[in-house]
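Sequence order for the protein chains is A and B.
According to our numbering, the stretch in the first sequence is residues 1 to 328, in order.
According to our numbering, the stretch in the second sequence is residues 1 to 318, in order.
Since the hints were derived computationally from the structure, they do not count as laboratory data.
Beta carbons are placed, not taken as given, at the ideal position from N, Cα and C, and that holds for glycine.
Honestly, I wouldn't trust all of these hints.
Said to hold, decoys possible - Covered stretches of chain B, going by a simulated chain A footprint (3 or more residues, C-beta under 8 Å):
1. 152 to 162
2. 252 to 263
Claimed, not checked - No farther apart than 30 Å at their CA atoms in a straight line, the calculated lysine-lysine pairs in the DSS-like style are these:
3. B:K129 <-> A:K59
4. B:K56 <-> B:K129
5. B:K56 <-> A:K184
6. B:K223 <-> A:K184
7. B:K56 <-> B:K85
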Amino acid sequence: MDEGRDPVIPLKGDVPIMSQAEGLSGQLVAPAMEVTEAGEAGGVGSLSRIIWRVFAENKLALISVGMIIFMLLFCFVGPHIYVTDQANLVVTNINQVLAHPGAAHLLGTDPNGYDTVGRLMVGGATALEISLLAAGIATVFGVFFGAISGYVGGVVDAIMMRIVDTVLSVPTLFLLIVIAAILKPSFWLIVFIVALAAWLVPARLIRGETLTLRTREYVQAVRAMGGGGSRIVVRHIIPNAVGTIIVNATFQIADAIGVLAALGFLGFGVPSPGTSWGQMLSDGISYAQEGAWWLIYPAGVAIILVTVSFNYIGDALRDAFEVRLQRR
Amino acid sequence: MIGYLTRRVIQAVIVVLGVCLITFILYHLFPGGATSEARIILGPRASPAQIGIFLKANGLNDPIWTQFAVLVGHVFTFNLGYSYKLNEPVSTIILQKLPKTLVLLGLSTLLTVIVAIPLGIFQVLRRNKPSDYALTTLSFIFYATPTFFLGIVLIQLFAIHWHIFPPEAPQSSSVGAILTDWQALVLPVFTLAAVYVAGFSRYMRSSMMEALTEDYVRTARAKGMSTRRVNYVHALRNALIPIITLLGLTLPAIVSGALITEDVFNYPGMGLAFFNAAINNDFPLLIGTVVVAAVATVVGSLLADILYAVLDPRIRYV
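Can you make the complete structure from the sequences, with help from the hints?
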């Protein structure tokens, strides 16, 4: 399937948490989901119900969904309930700076006098927005890239996949930082940078899946009826790869949160007074020695919770999409 | 197999060329182009004539393809330009820093493998028991922990709180002195290894599970071989092979992780040099370190693939 690059022995048991490695041996996962046929008896309703039932059996996944909902509420609704000044704060009272957690500030304040809980909300909103956008853009781009590469085949496929190989075999964080250093970071530039690292795995996965899907009878039928390549890719191949796409997108969000946090930590984040969780950690580290634990632990734990949740959800989704095959 | 290896080497060369192209594009992303680069180096009061001479001397007026060819030539002859900030050739700086980063990477990878393999085996032998679930949950948490956060927490606990290890990596200039100062190496090496232990032990677990379902394992059992021997001789040896591939595939991520670890612990290696170059707009050093990191990663992955091909004669290379 993939000429000679990865002589990977197929593992039937998936590797749930190595999303990078799994992407590379990803064709192994893909064939398990390839069997959906258009216009299948039973309809989409019952199918999605089966998927949901299997998903709901996984308690950890349900807890994770709850955690994500909580985080979204915390970051986007929270600021309307727990109102703090996060934009144009002029420090007038020196006691406001680096205040310990207490009644006035549940998690204390940072060296600029910003309330840490409010800061977590702002930083989390930025982190989630960027990660979701980046993962979304990367998935859409990667899916089309992979589907076109796999569908067209031949020289085009070889060139497109060598591009993916090249970028995958380079430590991407270095490249991302070079871009961030040359072009001054703004919100959309960071979305773009994070997406730049994230589209490769979906491209590979979907290319593998397309290779099997394009030989299906319904694809041949479309071709026989005069349907063009773009119609086949958009209407038939991509919809039938939707399981793989959704599962991978979930992992991409988790990875994007990690990349964004690393960028923010290294000082390439959204401009002040905006922040993200990674930037909060980076800013807080100088005060850790003075015992200001509230500047680092909440943000770090938030990153871990969100990443773990998305990974668990992705795992459960994969199980759910695979079970759909066993029940048929 | 020779054919496979030849193809693999050619592919590695293509990847290096691709990296050159990417760095070249990055270099030309520089806002204002060559003129503003000249201004950064010559200072704000440089006259147009001086800038013109600079551009001519550095070949920045040449056609874009000539410039790219020159860059490729420089990369393959390890002539990476001159760092304006550190006032030294980039290749000299990199030759100083690279061995230190290799020490960090080597020790961490070794630790990863040494811890992850027994952990994965332990989980398989105790599969679906509480200890397996506990370890799985732990590895999920470690996998999700950003390297820098783990580093900060370890510094907080082991350096600031308990005073067991120093908070900063060894600052010596020679590799030998760094290795002698092993106490200072413990935290950086552990930090870099911990995240990958999680991934590798998961992979080892699936790989071992997979090996245990193979026919030769059943045959060995049927012959009356002890479970111990079946597990450790027959299954384990086959389960270990994919780990080498994983090592090759994970290498780019580990190198990225080293960048962060070096920043957290102020470890005087390539990552820190790169990071400082990024902050100081030291473009020759920035791009030199990216190219060298990329080439090192590609070579590492290539070695992993070759090792794999040697160790597993069953694999057919089509």
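How the hints compare with the structure:
1. As drawn, the region 152 to 162 of chain B meets chain A at 5 residues by the rule of a beta-carbon pair under 8 Å; at three or more, the given contact holds.
2. Against chain A, the region 252 to 263 of chain B contributes 7 residues with a C-beta closer than 8 Å to a partner C-beta. That satisfies the three-residue criterion, and the hint holds.
3. Proposed proximity of K129 (chain B) and K59 (chain A) is supported: the alpha carbons are some 17 Å apart, at most 30 Å.
4. The straight-line distance between the Cα atoms of K56 (chain B) and K129 (chain B) is roughly 70 Å, outside the 30 Å bound, and the hint therefore fails.
5. This hinted pair checks out: K56 (chain B) and K184 (chain A) have alpha carbons roughly 28 Å apart, not beyond 30 Å.
6. Our distance criterion of 30 Å between C-alpha atoms is broken by K223 (chain B) and K184 (chain A), whose separation comes to about 67 Å.
7. Taken as a hint, the K56 (chain B) and K85 (chain B) pair is honoured in the structure, with Cα atoms around 22 Å apart against an allowance of 30 Å.
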